[in-house]
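**Student:** Protein sequence lines, in the order shown, are assigned to chains A and B. Residue numbers for the first sequence follow the working numbering, so the first one is 1 and each next one is one higher. Residue numbers for the second sequence follow the working numbering, so the first one is 113 and each next one is one higher.
Keep in mind the hints are simulated off the structure, nothing from the lab. Just so you know, even glycine gets a beta-carbon here, dropped at the ideal spot from N, CA and C. Take the hints with a grain of salt, since some may be wrong.
[Claimed, not checked] Reference excerpt, derived from the structure (chain A facing chain B, CB under 10 Å, subset only): (1) Y31; (2) Y48; (3) A77; (4) G82; (5) F88; (6) V108; (7) P112.
[Unchecked claim] Below, computed lysine-lysine pairings styled on DSS-like, alpha-carbon distance capped at 27 Å: (8) A/K67 with B/K129; (9) A/K36 with B/K181; (10) B/K181 with B/K129; (11) A/K99 with B/K181; (12) B/K169 with A/K99; (13) A/K36 with B/K129.
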Amino acid sequence: GEDVEQSLFLSVREGDSSVINCTYTDSSSTYLYWYKQEPGAGLQLLTYIFSNMDMKQDQRLTVLLNKKDKHLSLRIADTQTGDSAIYFCAESSTDSWGKFQFGAGTQVVVTP
Amino acid sequence: EAQVTQNPRYLITVTGKKLTVTCSQNMNHEYMSWYRQDPGLGLRQIYYSMNVEVTDKGDVPEGYKVSRKEKRNFPLILESPSPNQTSLYFCASSGDRESWTNEQFFGPGTRLTVL
Chain A
1 GEDVEQSLFL SVREGDSSVI NCTYTDSSST YLYWYKQEPG AGLQLLTYIF SNMDMKQDQR
61 LTVLLNKKDK HLSLRIADTQ TGDSAIYFCA ESSTDSWGKF QFGAGTQVVV TP
Chain B
113 EAQVTQNPRY LITVTGKKLT VTCSQNMNHE YMSWYRQDPG LGLRQIYYSM NVEVTDKGDV
173 PEGYKVSRKE KRNFPLILES PSPNQTSLYF CASSGDRESW TNEQFFGPGT RLTVL
């Protein structure tokens with residue numbers, strides 16, 4: 001999606017932290033999501049944040065939102081080999097509830 | 113088990129031969145969507161539906177049709193497929209505005225090749 005941008009590739013060593021970045025453009029009330037896609041599978045929601053929040057933590061996952069810069073990040077602590085996947089950032093607006101914009105996806109490769 | 117199913121999972125066809133990819137959800141969700149996934153482009157929304165008989169275009173609707181005659185089903189129709197519609201297609205569903213997270217549940221995908 002042209003309105004949501006992410007870097008395409010990230011390599012990280014097992015046990016380190018991963019940080020995946022995303023920028024979005026919608027300025028209205030917005031939900032922002034992180035989805036994970038494992039090889040040969042559909043997408044699975046990891047976490048989400050509403051645009052009036054700054055941070056959300058869920059076990060190993062931390063989402064940070066910089067509203068001024070429209071920048072979203074996902075930090076995965078203690079990255080494991082099972083975290084190797086494609087991660088998608090997505091947004092939807094409360095003005096257009098069924099309409100979603102996805103980024104191109106970040107391929108995360110975890111090396112031993 | 114709550115799920116979104118798609119059929120077929122794999123399809124090879126020829127240019128111009130009409131085809132339908134079915135999608136069904138058993139979660140009584142109001143919203144359903146179709147996406148295509150292409151390398152380097154991520155997921156692009158083709159069409160979405162807010163309820164029975166209510167549909168709207170996504171970002172890439174050209175060459176596709178949809179219908180929502182029943183709440184659980186949302187088929188994707190390619191009247192005259194062309195090679196540029198070769199892609200991986202995903203159906204997804206999500207609840208109404210009361211389920212305020214708007215989490216989407218995705219089907220397993222349909223890999224379509226148009227020769």
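**Student:** Does each hint hold? Answer for all of them.
**Tutor:** For each hint, the structure was consulted:
no.: 1; hint: Y31; verdict: holds, 6 Å
no.: 2; hint: Y48; verdict: holds, 6 Å
no.: 3; hint: A77; verdict: violated, 23 Å
no.: 4; hint: G82; verdict: violated, 19 Å
no.: 5; hint: F88; verdict: holds, 6 Å
no.: 6; hint: V108; verdict: violated, 15 Å
no.: 7; hint: P112; verdict: violated, 26 Å
no.: 8; hint: A/K67 with B/K129; verdict: violated, 47 Å
no.: 9; hint: A/K36 with B/K181; verdict: violated, 31 Å
no.: 10; hint: B/K181 with B/K129; verdict: holds, 23 Å
no.: 11; hint: A/K99 with B/K181; verdict: holds, 20 Å
no.: 12; hint: B/K169 with A/K99; verdict: holds, 9 Å
no.: 13; hint: A/K36 with B/K129; verdict: violated, 34 Å
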